[in-house]
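J.: Chains B and V are the protein sequences, given in the same order. Residue numbers are given in this note's numbering: position 124 of the first sequence equals residue 124, and the series is strictly consecutive. Residue numbers are given in this note's numbering: position 231 of the second sequence equals residue 417, and the series is strictly consecutive.
It is worth saying that the hints were derived from the structure and are not from the lab. Computed from a predicted structure; not experimentally measured. Positions of the beta carbon are idealized from the N, C-alpha and C atoms, including for glycine. Don't take each hint at face value.
[What the hints assert, rightly or not] No more than 27 Å apart at the CA atoms, straight line, and that leaves these computed lysine-lysine pairs for DSSO-like:
#1 537/V / 374/V
#2 537/V / 547/V
#3 503/V / 88/B
#4 88/B / 500/V
#5 419/V / 88/B
#6 532/V / 419/V
#7 554/V / 488/V
#8 524/V / 376/V
#9 88/B / 487/V
#10 655/V / 88/B
#11 655/V / 232/V
#12 88/B / 374/V
#13 736/V / 561/V
#14 696/V / 655/V
[As the list claims (entries may be wrong)] Computed footprint of chain B on chain V, listed as stretches where at least three residues anywhere in the stretch have a Cβ under 8 Å from a Cβ of chain B:
#15 364-371
#16 498-504
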Amino acid sequence: MSPLNIKSGATSHSAYNLRPVFSDTRETHTLAVVVDNESGVLARVIGLFSGRGYNIESLTVAEVDAEGHRSRITVVTTGTPQVIEQIKAQLDRMVPVYEVHDLTVEGPAVERELALFKVVCKGEHRVEALRMADIFRANVVDSTLESFVFEITGTSEKVAAFGDLMRPLGLVEIARTGIAALSRGA
Amino acid sequence: MTAQQMTGAQMVVQSLIDQGVDTVFGYPGGAVLPIYDEIFQQQSIKHILVRHEQAATHAAEGYARSTGKPGVVLVTSGPGATNAVTGITDALMDSIPMIVLTGQVPTFMIGSDAFQEADTVGITRPCTKMNWLVKETDELSSTIHEAFHIATSGRPGPVLVDIPKDVQFASGTYTPPNKADLGHYTPKIKGDIDEITRLVEAMETAERPVFYTGGGVINSGTAASQLLREFVKETNFPITSTLMGLGAYPASGENWLGMLGMHGLYEANWAMHDCDLMINIGARFDDRITGRLDAFSPGSKKAHVDIDPSSINKVVKTDFPIIGDIAHVLEDMLRVWKARGRKTNKAALQKWWAQIDDWRKIRCLDFKNSKTTIKPQYALQRLEALTKHRKDRFVTTEVGQHQMWAAQYLGFDDPHHWMTSGGLGTMGYGFPASVGVQVAHPDALVINVAGEASWLMNMQEMGTAMQYKLPVKQFILNNERLGMVRQWQELLHGERYSSSWSESLPDFVKLAEAFGAKGILCSDPADLDDAIMEMLNYDGPVLFDCLVEKHENCFPMIPSGKAHNEMLMGDAETQGAIDAKGSVLV
């Protein structure tokens, strides 16, 4: 027993029993982050997410301005509203970051993802796979007598739905790019 | 200015000179030899050879914190860089401007697991504000200038430039600071005037306001402290401060409540809990400050002035968020408040002060003194009494109970005179920091208030202090315990004192003498004043081994998971019980 009368219940054995009091509803946001295209910048952004315990649902990055050496990182993340605000503020204060856009709140945006699906099938399944590909406007980018590789572009939901339909038909491998997004309008 | 050709190593030195650097703390090694060769051949920059790279970073922190200028560190690749990581992280947590230059293996050997190779930019990416690996000599000087810009603007912090050895040897074109590309990093300095006006309106009617200030005021410069003092005086609002902010408002000032937080003063924590308007200026609602968040100052509107937007709403919801430099925002706040007629709710303030005076009557720092044993609080009271008249007194601390007692019992009337590891809580910070402060202020009185365990973590710096004739006073409150760990174990872990006592301690007097310094041992309260005077009068480094009460606890204390109004207070009766039980156990 402690000689000092610390009431039981409220006291934990940790110095960090300090749960924040913010809302705990989780939201998914798509962030566009324009950065200097320099070595280590992606590691810096990813390190921020892992170091502070934020989620990355999807991440794409590529240079978008060769002359200005700028890359655009599109990251889909989930968290409470307060965490989302923190992520944006933490990204925004990083030295190589030019701008951070929250496409989920800054008005309507288009989000697209490209995916490649390899389907190994014969007979009826081949016909069905091609029919589905047609409905989903997927392209055949490689074919052998036993297989197809389909290329599909669309929202993540559409890509996922196509994958669900291909699975019973012989889906063996998937490659997805993750989301690229732009705000609508001028 | 015409383009100047020089080697990378020459560029490093020239860049430092052009940035106004007078002191570099460092330690040589294979990958920085070309730079050390250049340092050898010039007189503008003084190099302080530390005895461990961690100490170089803490010394640079002490230098930076006491001067307002960035600290500069030069270390070699591999172990040189990894040893510096603790100090770099410390500087990041406490927002200390610091430029760390590291050597690296030649570019053509990077990635080959070469001798003394480490992925320095990879290792330091999360603990620097920004870092660079420079692969072209032509880019070296520009990068160093950008590094100074980033370290010192916005929220200050440590930056690191990793320089491969072949880049140091190769020749290139030197870029002077005014020609350098400083990138696009431009933090917001001026606060939003509408938000400032909203806050001033709230201040005019507030019944129980309190200023809660932090290290940001110190970082913003002396103008910020002056503006803060004026504002506090004019409004007659009470003011408390975090550990990092001590000295921004004078401890002798009438409105001073003392430090707040886990070991803050009773009146300060109660004022925070009961206030109706909390004005956070340059502090960050650290967990040592807030206690239990859902019970943190439940009835107040909260304003938060900070230069770092990510500090706003990080842990505490803010009603008046103001992003900007403290001095600029305070200037605007004062201007708006004056223009609106200098209004405060005087009647309510009077009642608020009456309440605060009642809290003050608790005299939370009173302790049961002893005639036979030196109480650590008493030791600091005497140190304060014998040194507070010295305007040139600088105090550093290590980390633990002694640090909290120093914050409670020593008074700071000026910014930049108190250096302590706040955010990271780095044991071993204080001694090298005192070295850095003394280098910056050769004639000043520099005292490191230490615990024996912390002090041993960087004791090798006795060599540095002797070599450069730095008369730093190491005031060790020796309780032969890891006092704060022991206190937590007593209160929260059933008095099981797991590995929290210091066994096989050295004879500190002999240790001092082995380095050629002076050692003083004091164990009798009656001898304390004379011993402190002996320390102060000695011209040279002193190791003061002050044997204090072994089981003293630091109060007030907000235990974990508790709110500001649930502070534990020192109780002489209870403490007697602890002493008896503790001595059986230990």
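J.: Now look at each hint and say whether the structure bears it out.
T.: Here is what the structure says about each hint:
no., hint, result
1, 537/V / 374/V, "violated, 38 Å"
2, 537/V / 547/V, "holds, 16 Å"
3, 503/V / 88/B, "holds, 16 Å"
4, 88/B / 500/V, "holds, 11 Å"
5, 419/V / 88/B, "violated, 38 Å"
6, 532/V / 419/V, "holds, 13 Å"
7, 554/V / 488/V, "violated, 37 Å"
8, 524/V / 376/V, "holds, 18 Å"
9, 88/B / 487/V, "holds, 24 Å"
10, 655/V / 88/B, "violated, 49 Å"
11, 655/V / 232/V, "holds, 14 Å"
12, 88/B / 374/V, "holds, 16 Å"
13, 736/V / 561/V, "holds, 9 Å"
14, 696/V / 655/V, "holds, 19 Å"
15, 364-371, "holds (count 3)"
16, 498-504, "holds (count 5)"
Violated hints for the displayed structure, listed by number in ascending order: 1, 5, 7, 10.
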